[in-house]
Amino acid sequence: MAFEHRDEGHFTVVQIEETRLDASIAEAFKTYVFDLIDNGKTAIVIDLAEVRFMDSSGLGALVAGLKKLSGNGTFSLASAQPAVKDLFDLTSMDKLFKLHSSVDEAVKGG
Amino acid sequence: MSQVLKLEIDSQLSNTTMIAMAVRGVCAMTTLSPVEINRLELCLVEIVNNAIEHAYDNEAGHPVEVCVDLDNTMMNIAVSDWGQSIPDDVIEDKAEPAMDPEHPETWLCSGRGLHIVNKLMDQVSYESDEGKNSFIMKKELRH
Numbered sequence: 002m003a004f005e006h007r008d009e010g011h012f013t014v015v016q017i018e019e020t021r022l023d024a025s026i027a028e029a030f031k032t033y034v035f036d037l038i039d040n041g042k043t044a045i046v047i048d049l050a051e052v053r054f055m056d057s058s059g060l061g062a063l064v065a066g067l068k069k070l071s072g073n074g075t076f077s078l079a080s081a082q083p084a085v086k087d088l089f090d091l092t093s094m095d096k097l098f099k100l101h102s103s104v105d106e107a108v109k110g111g
Numbered sequence: 035m036s037q038v039l040k041l042e043i044d045s046q047l048s049n050t051t052m053i054a055m056a057v058r059g060v061c062a063m064t065t066l067s068p069v070e071i072n073r074l075e076l077c078l079v080e081i082v083n084n085a086i087e088h089a090y091d092n093e094a095g096h097p098v099e100v101c102v103d104l105d106n107t108m109m110n111i112a113v114s115d116w117g118q119s120i121p122d123d124v125i126e127d128k129a130e131p132a133m134d135p136e137h138p139e140t141w142l143c144s145g146r147g148l149h150i151v152n153k154l155m156d157q158v159s160y161e162s163d164e165g166k167n168s169f170i171m172k173k174e175l176r177h
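Chain order of the listed sequences is B and H. The numbering of the first sequence is our numbering, which starts it at 2 and goes up by one. The numbering of the second sequence is our numbering, which starts it at 35 and goes up by one.
Hints in this document: simulated from the structure, not taken from any laboratory. A portion of the hints provided could be inaccurate.
[Said to hold, decoys possible] Using 16 Å as the maximum straight-line C-alpha spacing, the simulated EDC-like pairs for lysine to aspartate or glutamate come out as follows:
1. B:Lys86 - H:Glu70
2. H:Lys172 - H:Glu93
3. B:Lys31 - B:Glu18
4. B:Lys69 - H:Asp156
5. B:Lys69 - B:Glu28
6. H:Lys128 - H:Asp156
7. H:Lys153 - B:Asp87
8. B:Lys68 - H:Asp134
9. B:Lys31 - B:Glu5
10. H:Lys172 - H:Glu161
11. H:Lys153 - B:Asp90
12. B:Lys96 - H:Glu136
13. B:Lys68 - H:Glu136
14. B:Lys96 - H:Glu161
15. B:Lys99 - B:Asp87
16. B:Lys69 - H:Glu139
[Claimed, not checked] Not the full set, but computed from the structure, chain H residues with beta-carbon under 10 Å of chain B:
17. Pro121
18. Glu139
19. Ser144
20. Gly145
21. His149
Backbone N, C-alpha and C define an ideal beta-carbon position, used for all residues, glycine too.
Please construct the entire structure, taking both the sequences and the accompanying hints into account.
Next comes the structure, spelled out in structure tokens:
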């Protein structure tokens with residue numbers, strides 16, 4: 002399975018077990034995150050450590066998750082790799098998301 | 035003298051990675067930096083996926099052709115399909131949509147691909163000829 006989640010304190014950490022978060026899996030990822038939110042998870046951290054490449058569809062799925070939780074919880078990202086960080090800079094999405102250097106930092110820093 | 039590589043995939047999103055990896059290989063022959071190669075890969079993936087999702091409405095069984103033309107000064111990439119062409123207003127819309135962190139209604143979940151490509155490539159053009167639509171991207175090379 003491409004995605005897994007675990008609880009760390011009151012956070013739900015979603016691990017993407019793929020090197021590419023692109024159009025071919027963006028919809029499945031969005032559905033996975035929406036299901037978590039629909040099941041009451043309100044503090045979500047996406048672990049991007051394995052993701053070496055992300056396109057605008059992958060980014061769109063993250064924005065959809067953030068939007069769905071907007072005002073009712075937290076949705077942050079951890080361990081973004083250089084090409085992913087670059088995409089966030091290029092699209093100004095670094096202004097929208099909290100980018101943590103690690104999952105540990107994300108679950109400690111809130 | 036230029037060197038030309040022509041690739042073709044079937045119109046399925048899962049095939050885009052093969053094109054991306056092949057063109058990354060060609061990029062390794064050039065003076066492009068790792069960051070530039072990542073960005074070129076991003077642009078290529080956006081346009082190939084655009085052809086699959088919009089020209090062919092996500093229907094498998096249609097060709098997407100990528101032609102890479104390389105010389106000492108320029109890398110020229112043409113992505114072609116034989117499906118629905120991109121509407122003029124979409125091609126001409128160069129302005130990036132404004133995003134306000136305070137207003138979730140401005141947080142768009144789609145429609146960023148062409149803006150990213152316009153921002154990163156040195157030159158882009160689009161043409162349709164006898165049912166063949168080609169999106170052409172150019173990247174200048176240092177030499």
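Cross-check of the supplied hints:
1. B:Lys86 - H:Glu70: Judged against 16 Å, a Cα distance of about 14 Å means the pair holds.
2. H:Lys172 - H:Glu93: With Cα atoms ~28 Å apart, lysine 172 of chain H and glutamate 93 of chain H exceed 16 Å; violated.
3. B:Lys31 - B:Glu18: 14 Å, holds
4. B:Lys69 - H:Asp156: Answer violated: lysine 69 of chain B to aspartate 156 of chain H is near 36 Å, above 16 Å.
5. B:Lys69 - B:Glu28: 15 Å, holds
6. H:Lys128 - H:Asp156: Given pair lysine 128 of chain H, aspartate 156 of chain H holds - Cα atoms ~14 Å apart, limit 16 Å.
7. H:Lys153 - B:Asp87: With a Cα-Cα distance of about 13 Å, the restraint between lysine 153 of chain H and aspartate 87 of chain B holds, given a limit of 16 Å.
8. B:Lys68 - H:Asp134: With a Cα-Cα distance of about 13 Å, the restraint between lysine 68 of chain B and aspartate 134 of chain H holds, given a limit of 16 Å.
9. B:Lys31 - B:Glu5: Roughly 13 Å separates the two Cα atoms, so the pair holds.
10. H:Lys172 - H:Glu161: At roughly 14 Å apart (the allowed maximum being 16 Å), glutamate 161 of chain H and lysine 172 of chain H satisfy the hint.
11. H:Lys153 - B:Asp90: Cα-Cα ~12 Å, so holds.
12. B:Lys96 - H:Glu136: 10 Å, holds
13. B:Lys68 - H:Glu136: Holds. Lysine 68 of chain B to glutamate 136 of chain H sits at ~11 Å (cutoff 16 Å).
14. B:Lys96 - H:Glu161: 35 Å, violated
15. B:Lys99 - B:Asp87: Holds. Lysine 99 of chain B to aspartate 87 of chain B sits at ~15 Å (cutoff 16 Å).
16. B:Lys69 - H:Glu139: Answer holds: lysine 69 of chain B to glutamate 139 of chain H is near 11 Å, not above 16 Å.
17. Pro121: 18 Å, violated
18. Glu139: 9 Å, holds
19. Ser144: 5 Å, holds
20. Gly145: Since the shortest Cβ distance to chain B is 8 Å, the answer is holds.
21. His149: Status holds, d = 8 Å.
Of the numbered hints stated above, those contradicted by the structure are hints 2, 4, 14 and 17, listed in ascending order.
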